[in-house]
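**Q** Listed below are the residues making up each chain.
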Amino acid sequence: MKIHEFQAKEVLRGFGARVPQGEVISDPAKAAEICGDFGGRCVVKAQIHAGGRGKGGGVRVASDPDEAERLAGEILGMQLVTHQTGPEGQQVRKVLIEEALEIEQELYLGVTLDRAAERPVLMASRSGGMDIEEVARTDPDAILRELIDPQLGVLPFQCRRVASGLGYSGGTARQIQAAVASVVAAYLATDASLVEINPLMVDRVGDVYTLDAKMNFDDNAMFRRREIAELRDVHEENPLEVEASKHGISYIKLDGNIGCMVNGAGLAMATMDIIKLYGAEPANFLDVGGSASQEAVESAFRIILSDASVKAVLINIFGGIARTDRIARGVVAAIEELAAADTPVEVPVVVRLEGTNVEEGREVLERADFDFIVAGGMADAAEQAVAALLTRTFGA
Amino acid sequence: MSILVDRDTRLIVQGITGREGLFHAMGCRDYGTQVVGGVTPGKGGGTVEGFPVWDSVEQARRETGCNATLIFVPPPFAADAMMEAADAGVELIVCITEGIPVGDMVKVKTFLASRNSRLLGPNCPGLITPGEAKVGIMPGHIHAPGNVGVISRSGTLTYEAVWQLTNEGLGQTTCVGIGGDPIGGTSFIDVLSLFAEDEKTEAIVLIGEIGGAAEEEAAAWIRRRLDIPVVGFIAGATAPPGRRMGHAGAIVAGGKGTAAEKKKALEAAGVLVVDSPAEMGARVAAALAS
Numbered sequence: 001m002k003i004h005e006f007q008a009k010e011v012l013r014g015f016g017a018r019v020p021q022g023e024v025i026s027d028p029a030k031a032a033e034i035c036g037d038f039g040g041r042c043v044v045k046a047q048i049h050a051g052g053r054g055k056g057g058g059v060r061v062a063s064d065p066d067e068a069e070r071l072a073g074e075i076l077g078m079q080l081v082t083h084q085t086g087p088e089g090q091q092v093r094k095v096l097i098e099e100a101l102e103i104e105q106e107l108y109l110g111v112t113l114d115r116a117a118e119r120p121v122l123m124a125s126r127s128g129g130m131d132i133e134e135v136a137r138t139d140p141d142a143i144l145r146e147l148i149d150p151q152l153g154v155l156p157f158q159c160r161r162v163a164s165g166l167g168y169s170g171g172t173a174r175q176i177q178a179a180v181a182s183v184v185a186a187y188l189a190t191d192a193s194l195v196e197i198n199p200l201m202v203d204r205v206g207d208v209y210t211l212d213a214k215m216n217f218d219d220n221a222m223f224r225r226r227e228i229a230e231l232r233d234v235h236e237e238n239p240l241e242v243e244a245s246k247h248g249i250s251y252i253k254l255d256g257n258i259g260c261m262v263n264g265a266g267l268a269m270a271t272m273d274i275i276k277l278y279g280a281e282p283a284n285f286l287d288v289g290g291s292a293s294q295e296a297v298e299s300a301f302r303i304i305l306s307d308a309s310v311k312a313v314l315i316n317i318f319g320g321i322a323r324t325d326r327i328a329r330g331v332v333a334a335i336e337e338l339a340a341a342d343t344p345v346e347v348p349v350v351v352r353l354e355g356t357n358v359e360e361g362r363e364v365l366e367r368a369d370f371d372f373i374v375a376g377g378m379a380d381a382a383e384q385a386v387a388a389l390l391t392r393t394f395g396a
Numbered sequence: 001m002s003i004l005v006d007r008d009t010r011l012i013v014q015g016i017t018g019r020e021g022l023f024h025a026m027g028c029r030d031y032g033t034q035v036v037g038g039v040t041p042g043k044g045g046g047t048v049e050g051f052p053v054w055d056s057v058e059q060a061r062r063e064t065g066c067n068a069t070l071i072f073v074p075p076p077f078a079a080d081a082m083m084e085a086a087d088a089g090v091e092l093i094v095c096i097t098e099g100i101p102v103g104d105m106v107k108v109k110t111f112l113a114s115r116n117s118r119l120l121g122p123n124c125p126g127l128i129t130p131g132e133a134k135v136g137i138m139p140g141h142i143h144a145p146g147n148v149g150v151i152s153r154s155g156t157l158t159y160e161a162v163w164q165l166t167n168e169g170l171g172q173t174t175c176v177g178i179g180g181d182p183i184g185g186t187s188f189i190d191v192l193s194l195f196a197e198d199e200k201t202e203a204i205v206l207i208g209e210i211g212g213a214a215e216e217e218a219a220a221w222i223r224r225r226l227d228i229p230v231v232g233f234i235a236g237a238t239a240p241p242g243r244r245m246g247h248a249g250a251i252v253a254g255g256k257g258t259a260a261e262k263k264k265a266l267e268a269a270g271v272l273v274v275d276s277p278a279e280m281g282a283r284v285a286a287a288l289a290s
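Quick note, the sequences are listed as chains A and B, same order. The letter at position 114 of the first sequence is residue 114 when you use our numbering, and the numbering goes up by one with no holes. The letter at position 263 of the second sequence is residue 263 when you use our numbering, and the numbering goes up by one with no holes.
Each statement offered as a hint is correct.
Computed list of lysine-lysine pairs in DSBU-like fashion (alpha-carbon distance at most 35 Å, straight line): (1) Lys276(A) to Lys2(A); (2) Lys214(A) to Lys55(A); (3) Lys2(A) to Lys264(B); (4) Lys276(A) to Lys311(A); (5) Lys264(B) to Lys214(A); (6) Lys256(B) to Lys94(A); (7) Lys2(A) to Lys94(A); (8) Lys107(B) to Lys256(B); (9) Lys246(A) to Lys43(B); (10) Lys264(B) to Lys107(B); (11) Lys214(A) to Lys256(B); (12) Lys256(B) to Lys276(A); (13) Lys256(B) to Lys55(A); (14) Lys264(B) to Lys276(A); (15) Lys109(B) to Lys246(A); (16) Lys246(A) to Lys107(B); (17) Lys311(A) to Lys256(B); (18) Lys200(B) to Lys264(B); (19) Lys109(B) to Lys43(B); (20) Lys264(B) to Lys311(A); (21) Lys214(A) to Lys107(B); (22) Lys276(A) to Lys55(A); (23) Lys109(B) to Lys264(B); (24) Lys55(A) to Lys2(A); (25) Lys55(A) to Lys94(A); (26) Lys109(B) to Lys200(B); (27) Lys2(A) to Lys30(A); (28) Lys256(B) to Lys109(B); (29) Lys276(A) to Lys246(A); (30) Lys109(B) to Lys214(A); (31) Lys30(A) to Lys94(A); (32) Lys2(A) to Lys109(B); (33) Lys246(A) to Lys256(B); (34) Lys107(B) to Lys2(A); (35) Lys2(A) to Lys256(B); (36) Lys246(A) to Lys214(A); (37) Lys2(A) to Lys311(A).
In case anyone wonders, no lab produced these hints; they're calculated from the structure.
Construct all of the structure, not just a fragment, from the sequences and the given hints.
**A** Okay, here's the thing in structure tokens:
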């Protein structure tokens, strides 16, 4: 789960981070007064979950209150396009009005999981304001790393090592140490999967501020982080993916034309891969769950078919514990249910079932009123789905 | 021969009074596994479907001499269940539970470092030695005893591979699902080294997926230490970067963990990597025939 910059700053402030004064608004008329309170200059920052907001025109500096109001008016409601939003962009519903500070140096601080070390790692660099992945690629030595003991948290000597490694001493170093301690404490206490302060800013008098902040969280831990879970903003998520998750279905929309319905994440990925191998593009990743019940199949159909670019559907189910004939009956019932609800399935459906009672399963499909294309193995299924797609697109 | 589980495995099920736990306890017993009982805190003393139930793993271990446990405890309590089993000295801990917080697994791994138990999973289908013991949720009937070892981060994709092998007339020594989470107990290398020592295993199928660097680490190990054929497949070549593909660990982050990188590393180590998941079984057959 992701949250907005202003929310991340609020969370970090609670752990002792020094954050610029700011207020979040959705009515541009309020910008002028807030800007006035901050001394007449301010930064207007679009609040969307995607990164790269500055380059897309979503972060602008206002040199007086009138300009603040004008900029807020321009940014609010715009479809902000960044490298992370896709070409359609993301609508801006809130802006953060923040005091404008004089930047002397931009640093980077981040905490995430080091999968190889199996514990959190703190990363710091003098290349603040840049994409850390770019720094890692071009100049990996420029990144300081400290592994964090999950029981002890970050230790004072590690904070000192980071501050001096970044080239600071005295009061500024102490403020950096405090920033390091706060970012690690926040990571551990909120079940975050990523905390980034980028940049961590040093101003002309040597004071240190959290100028931009990003926090992602472990979805699996949100049951015990109610205060964090409440920060979720579903407007920022794909509505189909939100709908799918309500039904226990894992769905990710992609750009192709063949909708996929598969049980199990690994097999779902493999099914996407084999569609590509046969010359088409998958329209989605979809894990319908291990048992592939009738209810799940029905919901999955609705979700897949609400993507208008889907021209054919490939169902690939490996009946494990659940018998294949039962799964086949579920698929048929789901199709009938959709037809009865006046939302019939009108694209070709290729079905590949494997596992216990596979013969009976195929018979159920053959006997159904719906014209299923029944496939043998995975390769046959992909081939038939691609052929159905071509027929559908270009005619027989 | 086989690895990790066999006829002598004495299994308990943690969470045996739950729907999933009981269903699969019976499934394992039906397959022929010695399921000697189960644990559900607060429900000890009675029996369920003929399985004696204990309040703690320690009690169950004392009473039954169990040497393996299969965990179906819900995510909030699964970490505790794993650590309890390790503290009781159970040699093999298999955790099926999906959705355990990563922060909990960091703590579990720290705890296990000072214990002698081996953890498999979490978020895995378990493992099976065909014809001897099933310790997991996989459909037993698709397997056959034989000479191919299978290691995988996935569930149903593993069944797919096994089914292809069985249809090729190739049985399996042991099939091990190591799980799809970012942090797991047993790695590819751990299982590969067990297969390397197993005289009966003549070929290995390794099924990886995007995310992390476990396949790259496995590749380096295979290059140095393994001289039997390994057939590989990496799922997720078409997955978009930055998105978690169902499994918590299946994500390409910062340009790292791509299928292309993993495939390249495995091929450099001599692994026969197939592009099509439909060709895993046939590739093993061809490798063993040559």
